[in-house]
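There are 2 protein chains.
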Amino acid sequence: MDGPIGKDRVMDLVTIDDVRAAAKRIEGVAVRTPLLPCRWADGLWLKPENLQPIGAFKIRGAVNAVGALSDEQAAAGVITHSSGNHGQALAFAAAARGIPVTIVVPNVAPQVKVDAMRELGAQVLLVPPSERLTMTEKLAAESGMTMIPPFDHHDVIAGQGTTGCEILADLPDVQAVLVPIGGGGLASGVAVAIKETNPAVQVIGVEPELAADAAESLRAGRLVRWTDEQRYRTSADGVRTNICERTFAHLKKYLDGVVTVSEEEITAAIGVLARKAHLVAEPSGALTTAAHLCHRAELPTGSVVAVVSGGNIEPAALLAALA
Amino acid sequence: MDGPIGKDRVMDLVTIDDVRAAAKRIEGVAVRTPLLPCRWADGLWLKPENLQPIGAFKIRGAVNAVGALSDEQAAAGVITHSSGNHGQALAFAAAARGIPVTIVVPNVAPQVKVDAMRELGAQVLLVPPSERLTMTEKLAAESGMTMIPPFDHHDVIAGQGTTGCEILADLPDVQAVLVPIGGGGLASGVAVAIKETNPAVQVIGVEPELAADAAESLRAGRLVRWTDEQRYRTSADGVRTNICERTFAHLKKYLDGVVTVSEEEITAAIGVLARKAHLVAEPSGALTTAAHLCHRAELPTGSVVAVVSGGNIEPAALLAALA
Numbered sequence: 001m002d003g004p005i006g007k008d009r010v011m012d013l014v015t016i017d018d019v020r021a022a023a024k025r026i027e028g029v030a031v032r033t034p035l036l037p038c039r040w041a042d043g044l045w046l047k048p049e050n051l052q053p054i055g056a057f058k059i060r061g062a063v064n065a066v067g068a069l070s071d072e073q074a075a076a077g078v079i080t081h082s083s084g085n086h087g088q089a090l091a092f093a094a095a096a097r098g099i100p101v102t103i104v105v106p107n108v109a110p111q112v113k114v115d116a117m118r119e120l121g122a123q124v125l126l127v128p129p130s131e132r133l134t135m136t137e138k139l140a141a142e143s144g145m146t147m148i149p150p151f152d153h154h155d156v157i158a159g160q161g162t163t164g165c166e167i168l169a170d171l172p173d174v175q176a177v178l179v180p181i182g183g184g185g186l187a188s189g190v191a192v193a194i195k196e197t198n199p200a201v202q203v204i205g206v207e208p209e210l211a212a213d214a215a216e217s218l219r220a221g222r223l224v225r226w227t228d229e230q231r232y233r234t235s236a237d238g239v240r241t242n243i244c245e246r247t248f249a250h251l252k253k254y255l256d257g258v259v260t261v262s263e264e265e266i267t268a269a270i271g272v273l274a275r276k277a278h279l280v281a282e283p284s285g286a287l288t289t290a291a292h293l294c295h296r297a298e299l300p301t302g303s304v305v306a307v308v309s310g311g312n313i314e315p316a317a318l319l320a321a322l323a
Numbered sequence: 001m002d003g004p005i006g007k008d009r010v011m012d013l014v015t016i017d018d019v020r021a022a023a024k025r026i027e028g029v030a031v032r033t034p035l036l037p038c039r040w041a042d043g044l045w046l047k048p049e050n051l052q053p054i055g056a057f058k059i060r061g062a063v064n065a066v067g068a069l070s071d072e073q074a075a076a077g078v079i080t081h082s083s084g085n086h087g088q089a090l091a092f093a094a095a096a097r098g099i100p101v102t103i104v105v106p107n108v109a110p111q112v113k114v115d116a117m118r119e120l121g122a123q124v125l126l127v128p129p130s131e132r133l134t135m136t137e138k139l140a141a142e143s144g145m146t147m148i149p150p151f152d153h154h155d156v157i158a159g160q161g162t163t164g165c166e167i168l169a170d171l172p173d174v175q176a177v178l179v180p181i182g183g184g185g186l187a188s189g190v191a192v193a194i195k196e197t198n199p200a201v202q203v204i205g206v207e208p209e210l211a212a213d214a215a216e217s218l219r220a221g222r223l224v225r226w227t228d229e230q231r232y233r234t235s236a237d238g239v240r241t242n243i244c245e246r247t248f249a250h251l252k253k254y255l256d257g258v259v260t261v262s263e264e265e266i267t268a269a270i271g272v273l274a275r276k277a278h279l280v281a282e283p284s285g286a287l288t289t290a291a292h293l294c295h296r297a298e299l300p301t302g303s304v305v306a307v308v309s310g311g312n313i314e315p316a317a318l319l320a321a322l323a
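As they're listed, the protein sequences go chains A and B.
Quick note: the first sequence uses the UniProt record's numbering, first residue 1, plus one each step.
Quick note: the second sequence uses the UniProt record's numbering, first residue 1, plus one each step.
No lab work stands behind these hints, which were simulated from the structure alone.
Among these hints, one or two may not hold up.
Derived lysine-lysine pairs resembling BS3-like cross-links, with alpha carbons at most 25 Å apart [as the list claims (entries may be wrong)]:
(1) K276/B - K276/A
(2) K276/B - K113/A
(3) K138/A - K113/A
(4) K113/B - K138/B
(5) K276/A - K138/B
Simulated restraints on C-beta separations [unchecked claim]:
(6) W40/B - E263/A: 29 to 39 Å
(7) P129/B - E209/A: 48 to 58 Å
(8) Q175/B - G28/A: 11 to 21 Å
Partial list, computed: chain A residues near chain B (C-beta under 7 Å) [stated by the list, open to error]:
(9) P34
(10) P37
(11) R39
(12) P53
(13) S143
(14) M145
Small disclaimer: the values here were computed from a predicted structure and weren't measured.
Glycine included, each C-beta is placed from N, C-alpha and C at the ideal position.
Only chain A is shown next, with the shape it has when bound in the complex:
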């Protein structure tokens, strides 16, 4: 899937067959999360991806991308430059296949994240923040390691889409699926899986008001990038990324709309998820629940599934949301 044809495939959209192949690859490695009905919110069901082994849906894309490698590619190992959930997910996926993995991390990253990746068997390379991307590309070129980015990658998107297949299998009469948008990998994959199976189901993205580049891009009909300064205002650290051309192409074709939520709504949703659903969600993971609780009128009536994308929240932030 990679190699010389990789770049030409930028605009080849992920297909439902790609997602179904991914579902086979992740079976027994990712957790088959259930749908949780919520008595406390009209028509709401939760898809708790915060219960995945590394605490986020990212494991689906990473396991699929690693699983799709040829034996020869796999033997050379994989590399990425994420210090967040994707870095841990790739380390986990590589360990599951028993292949080498290198994570290039800015030397300002919290020690706890570096330790988590090392515990998973990753070789962690600390570099100045400005050199992270170039160093990763240089290493990949020199060593033959395959670069697996967090969302701008066909097989990663297909892997995240497995979330959508499971939702349809468990709740065939769902009316809408809410999915957070950061880089757009999860939203792209889920939208393909849902709309190519049942176009009547609405797929709606959720962004913080303070990092709403996908909403603006879809309104404008072209990719609009927000600055780091703008995006880093949100507490939802998992969705501070801009979408890319590849994910924008999927969202433009498949997404039914985007709802934006305020910081206060995100914090309130973290508290509700803990108290009423007994789930610890990170701010990005609480976006979709915030949309349902505070923007019900903007959503279809009937059964709505909110994807709780991750649970890796700082203890202090969780305490603040519960207080």
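Fit chain B to the known structure of chain A by using the hints.
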């Protein structure tokens, strides 16, 4: 199943066929919870029953007991005297079958619990604490409602046992299953399900040191009751009950042992479950994780499943455990 022969069946133990029949009855009503592997604890898997609709495994027993009623019995409704998780579970089960339900509650119970049962459609009857049991029996006799107690009931135990069937289906090579013991319904049902399917799997109960009546009863070979004063010392409000003759008979036959944990170990486990597993557990729900984290040497090596029985914790207690 009730009526005149009820009392004669006290010592008829629940069978694996009873549990399998229960599994069919609860399908689509109770959540099919997954097993969650824990990278952060050697060999540990969690069975998150705190994700059930009313926040606890109790829904399994209640739905099975209500489902086992004849149409005639069902039409007359059900009654119980629990103001805790079982009361909510029975209200939920009755609503699912569309039959009347009365919960007799001491007039000192927190308003929030009364409201929760009323929201589920239950008729809540407030009585002085001392009259709770007699009033329930009087009402049942007068009205024809079937009394469904929280654990001293064949079908309730069979329903709780479905947890064990799911564990074996998802992890056939499990070495041990840890289950909290309060009244003993969950432990009895799970022990039947596991030991009658694969006797090589150890089933181990967990109690607070401060409410260890089952451990003492099993050592003594006879039912030993602890006083209210003794049992109410533990923070684990879900397991402050003594076991009964019926559950003792199951535990004596099937249980491999009991581990007791301290209050400090319970509080620490609540914190670990929130931070590392992204699950909110009540103190009783954290007992089994506490046993694994602090008493690993007393348990079999290899894969161990800890049943996280519930998540209905007071916000202040959760904050204290996280601080």
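Against the structure, the hints:
1. Between K276/B and K276/A the alpha-carbon distance is near 19 Å, which keeps this suggested pair within the 25 Å criterion.
2. Only pairs whose Cα atoms come within 25 Å are accepted, and K276/B paired with K113/A is accepted, the gap being roughly 13 Å.
3. Between the alpha carbons of K138/A and K113/A the distance comes to roughly 23 Å, so the proposed pair stays at or under 25 Å and holds.
4. A distance of roughly 23 Å separates the Cα atoms of K113/B and K138/B; the hinted pair therefore holds under the 25 Å criterion.
5. Taking the CA atoms of K276/A and K138/B, the gap is about 35 Å. The hint is violated against a cut of 25 Å.
6. For the hinted restraint 29 to 39 Å between W40/B and E263/A, the CB-CB distance of approximately 30 Å keeps it satisfied.
7. Take P129/B and E209/A: their Cβ atoms lie about 51 Å apart, and the range 48 to 58 Å holds.
8. Q175/B and G28/A have their C-beta atoms about 19 Å apart, which keeps the hinted 11 to 21 Å range intact.
9. Because the smallest distance between the Cβ of P34/A and any Cβ of chain B comes to about 5 Å, under 7 Å, the interface hint for this residue holds.
10. This hint holds: P37/A has a C-beta 6 Å from the nearest C-beta of chain B, less than the 7 Å allowed.
11. The criterion of a C-beta within 7 Å of any C-beta in chain B is met by R39/A, whose closest approach is roughly 6 Å, and the hint holds.
12. Nearest Cβ of chain B to the Cβ of P53/A: about 6 Å, under the 7 Å cut. The hint holds.
13. The interface hint given for S143/A is broken, as the beta carbon of that residue sits about 27 Å from the closest beta carbon of chain B, more than 7 Å.
14. Nearest Cβ of chain B to the Cβ of M145/A: about 24 Å, over the 7 Å cut. The hint is violated.
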